[in-house]
Every structure is written in structure tokens, then in C-alpha cells.
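Q: For reference, the chains in residue letters:
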Amino acid sequence: MNVAALSQAKLNFDVERIRADFPILSRKVHNKPLVYLDSAASAQKPRQVIETITRAYSEDYANVHRGAYYLSEKSTSDYEAAREKVRAFINAKSITEIVYTKGATEAINLVAASYGRAFIKEGDEIVLTTLEHHSNFVPWDLLRKATGCVLREVTVQLDGSVRIEDFAKVIGPRTKLVAVAHVSNVLGTVLPIKEIAKLAHAVGAKLLVDGCQGIVHAEVDVQALDCDFYVFSGHKLYGPTGIGVLWGREAILDTMPPYQGGGDMIETVAFAGCTWAGLPAKFEAGTPPIVEAIGLGAAIDYINTQDRVAVAAHEHALIAYALERLPEVPGLRLIGTAPGKASVQSFVVEGAHPHDLATVLDRSGVCVRAGHHCAQPLMEALGVSATARASFAMYSTQAEIDALVAALIKARELLV
Amino acid sequence: MSANAQTKEPDDLRSLYQEIILDHGKHPRNLRQVENFTNQAKGNNPMCGDKVAVTARVSPAGVIEDLAFEGKGCAISIASASMMTSALKGHSVQAAKRLFAAVQGLCTGKTDVEGAQREVPELANAIGELAALSGVRQFPTRVKCATLPWHALVSCLDGGDTATTEK
Ligand SMILES: Cc1ncc(COP(=O)(O)O)c(C=O)c1O
Chain L
1 MNVAALSQAK LNFDVERIRA DFPILSRKVH NKPLVYLDSA ASAQKPRQVI ETITRAYSED
61 YANVHRGAYY LSEKSTSDYE AAREKVRAFI NAKSITEIVY TKGATEAINL VAASYGRAFI
121 KEGDEIVLTT LEHHSNFVPW DLLRKATGCV LREVTVQLDG SVRIEDFAKV IGPRTKLVAV
181 AHVSNVLGTV LPIKEIAKLA HAVGAKLLVD GCQGIVHAEV DVQALDCDFY VFSGHKLYGP
241 TGIGVLWGRE AILDTMPPYQ GGGDMIETVA FAGCTWAGLP AKFEAGTPPI VEAIGLGAAI
301 DYINTQDRVA VAAHEHALIA YALERLPEVP GLRLIGTAPG KASVQSFVVE GAHPHDLATV
361 LDRSGVCVRA GHHCAQPLME ALGVSATARA SFAMYSTQAE IDALVAALIK ARELLV
Chain X
1 MSANAQTKEP DDLRSLYQEI ILDHGKHPRN LRQVENFTNQ AKGNNPMCGD KVAVTARVSP
61 AGVIEDLAFE GKGCAISIAS ASMMTSALKG HSVQAAKRLF AAVQGLCTGK TDVEGAQREV
121 PELANAIGEL AALSGVRQFP TRVKCATLPW HALVSCLDGG DTATTEK
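As they're listed, the protein sequences go chains L and X. Numbering-wise, the numbering used here puts 394 at position 394 of the first sequence, and it's gapless, one number per residue. Numbering-wise, the numbering used here puts 91 at position 91 of the second sequence, and it's gapless, one number per residue.
Because the hints were derived from the structure by calculation, they are not lab data. Hints should not be assumed to be uniformly reliable.
Listed next, the in silico SDA-like pairs over lysine to any residue satisfying Cα-Cα at most 20 angstroms (straight line) [stated by the list, open to error]:
1) L:LYS74 x L:PRO288
2) X:LYS89 x X:PRO60
3) L:LYS28 x X:GLN138
4) X:LYS72 x L:GLU350
5) X:LYS26 x L:VAL384
Predicted model, so just to flag it, every value in this text is computed and none were measured.
With the sequences and hints as input, model every part of the structure.
A: Encoded structure:
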């Protein structure tokens, strides 16, 4: 971003106005102002999302796709309108490519169970990186156990970056699928998706992108990324839990068998055999998370009212500030310093275990995550059993980073 | 609140991180593998990835001749393992199991120190020290940190090989 664009972005951004939209940010914990630095685990919700959910339940609620009466039609149209919002948000070609799931985890399991069991055979290779979240690891391990396919690993550099040359070494003629995070939930590393797509497609493999963190921090255009599947969860994107999205290319989704059977996903049901509905209904068995989907639509509307370039510049400034200030804490080691990283920062402090730090910080009102962050292979590679992690969202402030640093220095005095 | 009190840690933090806990956490006793061990088990807290391996040499008469642990973890789990291994050397397997129940009671608030000492009178002094672990009561997510090494111990004495805090 050039200087002029950056200063324009600053003008368009008022973090206090954004904070005023998030009711929880004005509460106290342990009698201290809340400093919420765990948005990568789950983001807080703006009033606009909370009110949409309340209105949906109190005024417009009925089951979808079923009743020939006003409320069901209204509920159905709100639910389907949210699908169109998702489509536009990620620039998918068609709403038939937008499959609702209960989250990114279910979306990946869907692809592993449906695409994986239909098209991946013994000896075929699936390429993952060391930094994958367990939800983009365990489903492939299950597939390996079921089919005898092979998992191949692309390793991570010490600073947390991932090199395209390393993908080039691992992707080969046996590769059927590459499954990678867009942005690491531990390190903040942004992966070079377009280049990975080129390598995968050159050998006829498909590319699945776990966009849980990626979609939060930058605009996503699935066509420009040139991936084949893109998944994310609503709750990290300022929306409700219980809703996520699988985007897939229509031509691929069409060839995939259903994931679960039940109501809403059928065309005909008979003892002689059942036939499936078209996309996306084929993958949406049972009563869906109706209000959750509508809430996700409201979260997308909320994000769309912001200047996304300005939000990205704000988050970029926050991570730069954190990278500068955190090393003031004696004995602190930053984990994940790849160039261009997103606003997620792991660290360890010599002599103080991350869990103890998190417990002590909590008493100062500061919420950070401690543990393996569902990334045990990465922890192993980094040679740590756990890290502490602070993550920043559009409502985070520099003052909160100051509070984090002050609380860390105090915690260290108690623990070390 | 006086100016002085404001700079102090909240009381529940002080009772969690008492001097004795921090001391055992930083300078753990019996951090090794028992030579010629007869029993062993690994404890695993899948929520945080903390791991502890307990080894013991138990005599045919059921006396714990030596007890030690290896592992990585937070101050609470390491201190707990260190105090546990210090307390139980020379005691019977049967006393160790009663002490496990007493410590669990202390950590969850179901027992107080006197109650625990009545249950395991032969380890009354050790319980006086182990009472420091009861600071975790105010921190529900940390109770498992304190009990992890004990789960591994019981599994080890029962001849199992793994224990988890998620049962
Ligand atoms: C990179 C990444 N992938 C996948 C997930 C799983 O998301 P969910 O638990 O919402 O399905 C997370 C969330 O923790 C994540 O950060």
C-alpha cells in the first residue's frame, strides 16, 4: 500500500466508532476493562449481528424450504439472501457453489468424506503443511486410514514463513489434493495461495484452502485465488457460531456424492433407491442452522459497511506495533515473524509457561490464548509444547497492546 | 483500597502461585526416570498438550521404593508432580491411592486439609504442603493441571500405561 492510500485509509477508520458497535467491549472482567485479544479463536459480535438474530427469532422465524405460508417464505428468503451475501463476499460464480455447514471443521470433513472417498485411492498423495490446524489434518488422517492414501508434509521456516520452493518439492505426479491454511492461526503467516494453485493444477491436483483466518484479515476472491475449495467459519468473522461455508467449484461439487443423508437433500426417496437434489441442497441434509446463516449474512453486511482497505491498514499497524512492543518484555521470544503476516502473534516467555501467563493476564482483564492452538505438528516442529497468542481484530487498539505488555511485565514478576 | 493494595496481585493469584508452588515449579524434585522401574505411565492433557511420564519401582510387598517424573508443563502441573513424587517415596501403593483421592478433593474444594489428613493420616505432613495446590479451586480451567500427574500416578500403579485428564 502506498503512503497516500495508507493515510486515506486512516481517515476512513475510527476504531472508537467500531468499538461502540460491540456491546461486550464495554464490560469489565475481574473489575478491569476487558482487553480481548483472542479474536482468532472467536471474534466478538457487533450489535447489528445480535439484533438481526434477535429479530429473526422474535419476528420472522419458521423452518425453511417447507411451509407454504408467509413466515416460512420469509425465513427461507432471508436464509437464501444470506447465501447470496456469502457468494458476493467471496466472489463465487454462483450461489449453487455456496454450501452451508456448521463450521470450517465440518466443511473440511465434508470434502474429505465425499470427495476424498470417491476420488482418492491407495497410494495417492495429499499435501499439507506443518502449520495446519487439527481440523485440516485429522480429516485427512481419517481418509488415510480408510483408503491407504499418503500424507505429505511441506515444512515451515523458523520465522514461520512457508516457501513455494518447498511446495514444488513435495507436489508431484501422485498428488491428488493440496490442503492448506490461507493464514496460520498460530503464526499469522499468509500462504502464497495463487502460486500453490499453479503447482497443484499443473499435476492435476485440487487445492483446498482453509480460510478461517484468511477471510478475516483481507478480501477474498475465490476465483482470483484459483483454488478449488475454500472453507471458513462464521464465528471468526464477527458472526454466530454453528454456521460455516464450503465453497467449491460447481463442476467438482457436481461429481461428489452426498455427505449426509436426510431431509432437504433429496429429489426422490424410494425403497428402490433415492436420488439427490441439486446443488447446494445435496450437501445440506436436515434442518439447517437457519438463524445462524442469517446472522452470518448480517456480519457480512457489517463488514461491507467498513472500508476494508482501512481495516486491513489498521490491523497491519496493530501487528507492527505489537512486534515492536512485545520484545520489551524480558525473556519474551516472538514466534512467527514472516514478512507480511496477519495480526496474530504467538510468543513464549522464558521461565513462565503460557498457561500460567494466561491465568495471570486474565486477572488484569487481558484475554490471550495459551496452548497448542490445535496445531500439535507445528508445536513439535517449533520445539515448544505451547505458546501464548494475542490476536487482533478490527476493534483492537494500540492501547490494548500497551495493556498486554504492561500485564506481561507484571505477570513475569510474579512467575519468574 | 490503599495505593499499596492496588499494586499487589489479586489474592486468588497469590494463593494459586504460592512460594512453594513456584519453588517446586522452577526447581522440580525427582525430575528423572526411576532406575529399574517396575511401573510406568504417561499422562496427557489433550486440552493443552501438557505431558508427564511417571515411573516407579514398587516392591513385591507394595511399597513405592522410588518415584519420579519427566515432562513439560505449567508451574502448577510441574509443582504438583514434584510434590507428589517427594511425598510418596517409601509409602504403600494403597496410601498413594488414598492420597490421590484426598488431593482431588483439595483441588476441587470437596475436602479441606483436616479432612484430607483424616483420610491419609500417615501422610499428614505431606498434605500440609500439598494443600498449596488447592489454590486452583478459584481457577476451574487449571484444576486439571494440578491433577494430571496424579492421574498418571494411579494409572502407573495400576499397571496401565496412559492416563488422560479427559475421562
Ligand atoms: C486456521 C483454522 N482452521 C480451522 C479452524 C476450525 O474452525 P471451527 O472450529 O470453527 O470449525 C480454526 C479455528 O480455530 C482455524 O483457526
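Q: Among the hints numbered above, which are violated by the structure, and what are their numbers in rising order?
A: none
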